[in-house]
Amino acid sequence: MKKYLYLFHAELLLLLAFTILIFSSCNKNVLKEVPLDFLAPENAYNTLPGIRQGVAGLYSQVRGNWFYGINDNATQLYGMGTDVAYYGEDPGSARFLTDYSTFFNPSNTYISGFWVLNYQAIQRANVLIRGINAANSIIWTDDNQKNAYLAEARFFRAFAYRILTTYYGDVPLVDTVVTSAKVDFVRAPKADVYSFMENDLSFAAAHLPVPGSEEAPGRVTQGAAWDLLSELYINEAKYQLAIDAASKVIDGYHYALMKSRFGTRLGHDVFGSGDVYFDLFGYGNQNLAENTEAIWVIQYEPLIVGGSTNAGERVFGPAYFRMGNTPDGFAAFRGELVNGIYTGYSDTLGRPVGWMRPTNYLSYNIWQSDWNNDIRNAEHNIKRNFYYDNPSSAYYKKKIDFSAYPPGSRNSLADTSQYLFPYFMKIADPSNHFDNPAQSGGGYTSKDIYAIRLPETLLLRAEAYVHMNNLVAAASDINEIRRRANATPVEPGDVNLDYILDERARELYGEEWRSLTLRRMGKLVERVKLYNNNPIFPGANIQDFDTLYPIPQNQIDLNIGAKMEQNPGY
Amino acid sequence: MVSWKQKNKLNQKIIIMKIPVIKLEKYFKLLLISVVFISFNSTAQAQTVSGTVRSGTDNQPLTGVTVQVKGSTKATATDSKGHYVLRNISTPDSLFFSYIGFKEETIAINGRQEVNISLQVEVASLDQVVVVGYGTQKKSDLTGSVVRISMDDKSLQSNTNLFQALSGSAPGVNVNGVGGAGGEPTISIRGQTSLSASDQPLIVLDGIIYNGNISDINISDVEAIDILKDASAAAVYGSRSANGVMIVTTKKGKTSKPVVSFNMYYGFQDMTNNPMKVMNAEQYAIRLVDYYWEQDLYNWYKTGPTSDAGKPQRPDVNNPDIVANRLRTQEEKDNFKAGKSTDWVKEVLRPAPIQNYNLSLSGKSDRISYFLSGSYTNEAGILKNDNFKRLTLHTNLESKVTDWLTLGLISTYSYRDQSGLPVDLAAARLASPLANNKIGFSDYDMYLTGESYMPYPLNNLYVTNKNFSNDLFLVGSAKIIIPGVKGLTYELNYSNTTSNSNNNTFYPVTTPLGSTNNGHAIKNPTLRTNWIVNNIVTYNKSIGDHQINATLLYSRENSQYQTSTLDAQGFNNPVLGYNNMGLGTIATVASTASEANGISYMARANYSFKSRYLLTATIRQDGFSGFGSDHKFATFPSISVGWVATDESFLRDESFYLKFRASYGKNGNQGIGSYSSFSRMGTNSYVYGSATAVAVYPSTLGNADLRWEETASSNFGADFGFLNKRISGSIDVYKAQTTNVLVQRALPPTAGYASVFANIGGITNKGIELALSTINLDGRFKWRTDFAFSLNRDKISKLYGGQHDADIGNSWFVGQPINSIYDYQMSGGLWTEKDLYSGNILKNWYPGQFKYVDQNKDGVIEANDDRKVIGYKTPNYRFSISNTFSYKNFSFSFFLNSIQGGNGYYMSDNGSVINASSAPAGYESAAIIRTNLTAVRPYWTPENGVNNSAGIYYAPAVWSGVYQSRSFVRLQDISINYKFGKALLKTIGVESCQVYLAGKNVYTWTNWSGWDPETGVSNLPLMRNFIGGVRLTF
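First to last, the protein sequences are chains A and B.
Each step along the first sequence adds one to the number in our numbering, with nothing skipped, and position 243 is 344.
Each step along the second sequence adds one to the number in our numbering, with nothing skipped, and position 904 is 909.
If you are wondering where the hints come from, they were derived from the structure by calculation, not from laboratory data.
Each hint should be verified, as a subset may be incorrect.
Per the computed footprint, the stretches of chain A lying under chain B, defined by three or more beta-carbons under 8 Å from a beta-carbon of chain B, are [unchecked claim]:
id: 1; region: 251-261
id: 2; region: 306-313
Computed list of lysine to aspartate or glutamate pairs in EDC-like fashion (alpha-carbon distance at most 16 Å, straight line) [what the hints assert, rightly or not]:
id: 3; chain 1: A; residue 1: K133; chain 2: B; residue 2: D710
id: 4; chain 1: B; residue 1: K282; chain 2: B; residue 2: D339
id: 5; chain 1: B; residue 1: K848; chain 2: B; residue 2: E867
id: 6; chain 1: B; residue 1: K856; chain 2: B; residue 2: D871
id: 7; chain 1: B; residue 1: K984; chain 2: B; residue 2: D158
id: 8; chain 1: B; residue 1: K878; chain 2: B; residue 2: D828
id: 9; chain 1: B; residue 1: K316; chain 2: B; residue 2: E838
id: 10; chain 1: A; residue 1: K498; chain 2: A; residue 2: D429
id: 11; chain 1: A; residue 1: K133; chain 2: B; residue 2: E600
id: 12; chain 1: A; residue 1: K133; chain 2: B; residue 2: D635
id: 13; chain 1: A; residue 1: K247; chain 2: A; residue 2: E316
id: 14; chain 1: A; residue 1: K664; chain 2: B; residue 2: D870
id: 15; chain 1: A; residue 1: K283; chain 2: B; residue 2: D710
id: 16; chain 1: B; residue 1: K848; chain 2: B; residue 2: E838
id: 17; chain 1: B; residue 1: K405; chain 2: B; residue 2: E496
id: 18; chain 1: A; residue 1: K664; chain 2: B; residue 2: D635
Coverage of chain B stretches by chain A, computed from C-beta distances (three or more under 8 Å per stretch; other residues unrestricted) [what the hints assert, rightly or not]:
id: 19; region: 249-259
id: 20; region: 329-335
id: 21; region: 587-597
id: 22; region: 684-693
id: 23; region: 697-703
id: 24; region: 800-814
id: 25; region: 920-926
For every residue, glycine included, the Cβ atom is placed at its ideal position computed from N, Cα and C.
Make a model of the complete structure from these sequences and hints.
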């Protein structure tokens, strides 16, 4: 037995002690994770600078998703497939809403963005609202400061619901931060969504800064909130409230239509002529303090971090540079000289690709009565004539006329839908291409974009007056705009909702979200059938149920905790 | 007859009854045997035995052979002259000689004072020693499922990556090949146990968990790879071992005479025999005519015609003016009429050289063993500018400082250089064959035809790129034989992996990414470090026929990662490129950092009785920082038993071997990285006026409840050998149940986040694996065949709790495999005009569109009722066969590898290759008018009778993938080699010399259309190569 006793020798005990020491020396705290390179929702928004960064997050997303981004969502918002535009590059394509019967499909990722991106925005707003409310009160100088930030977050939340409910009808109401894998969303009645938006927007209208006192250019003010509130009240058939809200904007602040020329384009008219309407869309003019028409301006800036670019030119203009040769066989456009090479692109026209081809209704019909006097139809505002630009050709500087080519040598559909069509110059930024000079900007510019401009508020009030049967007041608001445009004033007897839609098209094409306007006014199907002159799919095969978008299939598939009903017809 | 079991019971009864006096001694003996920490010494006469051990092949003395007195811990090792001395041993004993790579021998002393012996080189795999994790075991003593892959067999192949060498090499080891120079294949062991967490096995390099890059390992330095497939084998590595463990052992010095060996090969690579076909100029031009014609045609179909009357006629495609008129740009029209065209796919490809050089020096004295090597690999990809260069230096030193202390140092340095951005095959596939070809001209068009969707496929030739990494892997170890306690050792080892990579790029203004603002420079340095400390205590004991081995482990692990991105644009003077970012006018920076920690404890006991009854029990606890704060730790137990049946007297026969194994155990998976339990904020920027504003927004949803994924698995296996082991192999069946599956779960968009990491449900894997080696001929003409087969079935057993849970959005269904394909089912063929005219067609469907099964027979094909599980992405089974023939100095071998589908398995969507058509909205249909398409099948027109590819204008009511089986059989490796005769070589001082020719991915048989079936629709195609090489040792 003795020989086993060495098991308990001192050396072994020592070793055991040593082993126990190293085994227990570990502190379980080493497993505690400390984020090194990211902030958490719980701590990102508990300081004033943090909250400001959260606010910037709201602006950044709204700009990227909806304002002239090179994506299909933006084209749909601005009126692709409605009464104002069809897909010019390939009108028979299955993409770009040429044909509602195939495009409006629950699996189509080009249309589910309206759902997906807005719920992301709502989550952003909800996290920020929670952060502002939870932040230690010592960071605020007073309640007004805190409420102003809350108001900004709630403005953007309502802004997201505005798109959602217009496109989808009843939608899930997410009013708090989602913190876990939630899969049992149910659609709330549209009326509930409206009253939720009403709360948010009323709070915003009360607590946002007064126009002119906002922290930085491009930040929303009470004016923007009242404008959205006015639209919401019309949707809720609360017309007097809508009129009151619009009047707050029109009469309550410094806002007024610009009546005379101003800004950066004075003395620099690239087309040889100009007017106040042309100036409204000049580079840098949107933010100017003297511009009393801008209510909310989406911010772009060339060549700086966060400045970004928008694809307005690319989306809205004709693809002139693809038209081929002059009748005598030279490239129709020689273009600018960059790095020793002629680019084929004109710096005044940029590089559009002919996505949104204005319908004949927008291009011609609505201008007939005031073709020569309405400044909005002036050649420098709607370019209708294009000229050969190749000194080698005998046709140099001559107006392009397709009848000069031998019969059958051209593709007439492409000639008129893709290569040349009326180009709304308010969207272009002639001779201001900072990026990519070899492609005259490549279709991108850094010009600021109006999200809300005063004429829109005037037309909202006119719309509410029509509903209240006060056509005189409606005509007065409309004529405010028409007089500035040097167009013939409308008689009250001629004012109706369709007239308002025509005036919106004249004044606001490329600014208003036409698809949203037509849906909320219940005018979509009727006007698409009347005016969408897509040469392959006239009327775009629209059906009555297309007033609502289909709920995205992945929402239905993934929402396994509750059944989510599809909209009728899909 | 009373059985052994009954006898034992009887004994126990007696003991219990008669404890008090008489049986006390017996009782005590029994107790002693069952106690673990006891020693047993023989007390016979003492004497000294010495001798020399030599190699049976060349009669050279062997250094470091373990000479052990059988049944005791008394042992020594041979010195540099192969000599050994053992003192104080008893005459009836026998000596046990063991040496890696040689057959073990037991020799009875029989009173002799000198015992000399020649050891024979080991051939039969059953006597292999395999590494099992914090130790080694003889394969015949294993109780778990372990397979050894010797790299010697792979030495004549042109593998640049270790994983590449493993493809098809053992059942249950699944390698998915990739293309590109220096491409890194993915590897998995047995089935898929996880939905979203990592599937990669744990890699252990020379006993240490390896977190470095697999590309850093030079295959020539590797002796063997042991793959632990079942839970018990892997359980010692608890954390992360649910996906199996790959233990890589590098070479060590073996002989006292220094060995210098050199090998090299050189060859060329090209595309495999499954290339992508794109439309030629004529097809490209005419398809536009057909596209617009079919637009009209479908509009007409929608009017509900009942006959051909009024049908739009196809334009005359033989009229060049009509065809040219549909082309998009003037240059395409001009080139079409002039008959000029370019095959852009051909332009981006090249025959690519591959070369490899390797030099090593190794040896061993009685105190030190050393292995030093250096290698250089230069592989060019078949895409122009795709380059891979690697330099490795490797040392493996072990020094026996004193009798009780052994120090080791392993260091591996690797320099990898993948500079140069490969040209763009994707762009080449899309490029218009009618675009102007300005290859080589300085005024090349960075966008073909001036369109940004058609970038010049060779743009990257003008981009300056330097992409390299310096990686260092170091292991220091100290092994101490604890004095006073025989068989007790303590090992401390520390490893450190540091990887520093830099990727610097300058895009000049003449390339798309540099064009927007006068050039664009990006520098992207990253630093990854990882260290592990292991404390290991082992205790070995033999008492008579009982052998005990106990291991205790405490381990700490830490990894850190940091990256920076420096970005500058606006270079008025671009000459300094990325080397002077300060010359740019707009600069931005970004950085990331992360850290993870782990703690592990492990205890293992091996027990064997007469090397015939074997038992291994393990328990391990692991903690990982990436889980929620209350769920950092998990415990993983395992137990396994083995029985060598042929050691029983009633079965004993030298020509026959049979062993049974059974194991059960738990493993974990932590493959989700750091911080997954946190919700995170993202960052970007906005601008107010001209002032930049940093934006912070919620980007990722976290889950504080996140915990270990656990896999409990059982394995039953048998190892066998017949006919003097000329037929040998093993068979394993297993079942694994994974719970708390780590899942990147897609969320309904309303949640505001795309997905969240979660632990949900369960997955069951079961399968069978067979490995068989036969020596068919063993004379002057030798022929050996190795065969491997594996079949795995996985099934989701639980999702959210319900019995019939179906998560359509994630394509997960209880009772179905993980990789189920949930989609519309094609019923074969297309709708025809006849169907339309006769009204025998579903609503909203038209000729030239795929037919789908109307599952609920309501006359409409729609998402909610007509989709179902129509197949699985996982393979049905895999097999491989290798044959080696040798005659005199020649040998020839070929290796066939196969992954098979069938019955709906191994299906994948190949629609983008098969269906040359536009696609419905949401699927980028606009590309049709802008880019080239594939041409593996002609598209449908009403007249051409095509029945398996839709019309070129395609806007069906619903859309699904076009699924095809990826089954293939590949002649993966083939080689022929010649060994020069020793007599001849001796005169020039060369030990051995071998020359060889080899080919890789030589031919593939498959019904998959287009691209290689294994890589699918990848723009880095799999390569084929042929090499010639030489191996020399001095």
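Structure-based check of all given hints:
no., hint, in the structure
1, 251-261, "violated (count 0)"
2, 306-313, "violated (count 0)"
3, A:K133 / B:D710, "holds, 14 Å"
4, B:K282 / B:D339, "violated, 24 Å"
5, B:K848 / B:E867, "holds, 11 Å"
6, B:K856 / B:D871, "holds, 12 Å"
7, B:K984 / B:D158, "holds, 15 Å"
8, B:K878 / B:D828, "holds, 13 Å"
9, B:K316 / B:E838, "holds, 11 Å"
10, A:K498 / A:D429, "holds, 14 Å"
11, A:K133 / B:E600, "holds, 10 Å"
12, A:K133 / B:D635, "holds, 10 Å"
13, A:K247 / A:E316, "holds, 13 Å"
14, A:K664 / B:D870, "holds, 14 Å"
15, A:K283 / B:D710, "holds, 15 Å"
16, B:K848 / B:E838, "holds, 14 Å"
17, B:K405 / B:E496, "holds, 13 Å"
18, A:K664 / B:D635, "violated, 34 Å"
19, 249-259, "violated (count 0)"
20, 329-335, "holds (count 5)"
21, 587-597, "holds (count 5)"
22, 684-693, "holds (count 9)"
23, 697-703, "holds (count 7)"
24, 800-814, "holds (count 6)"
25, 920-926, "holds (count 4)"
Hint compliance for this structure: hints 1, 2, 4, 18, 19 are broken, all remaining hints hold.
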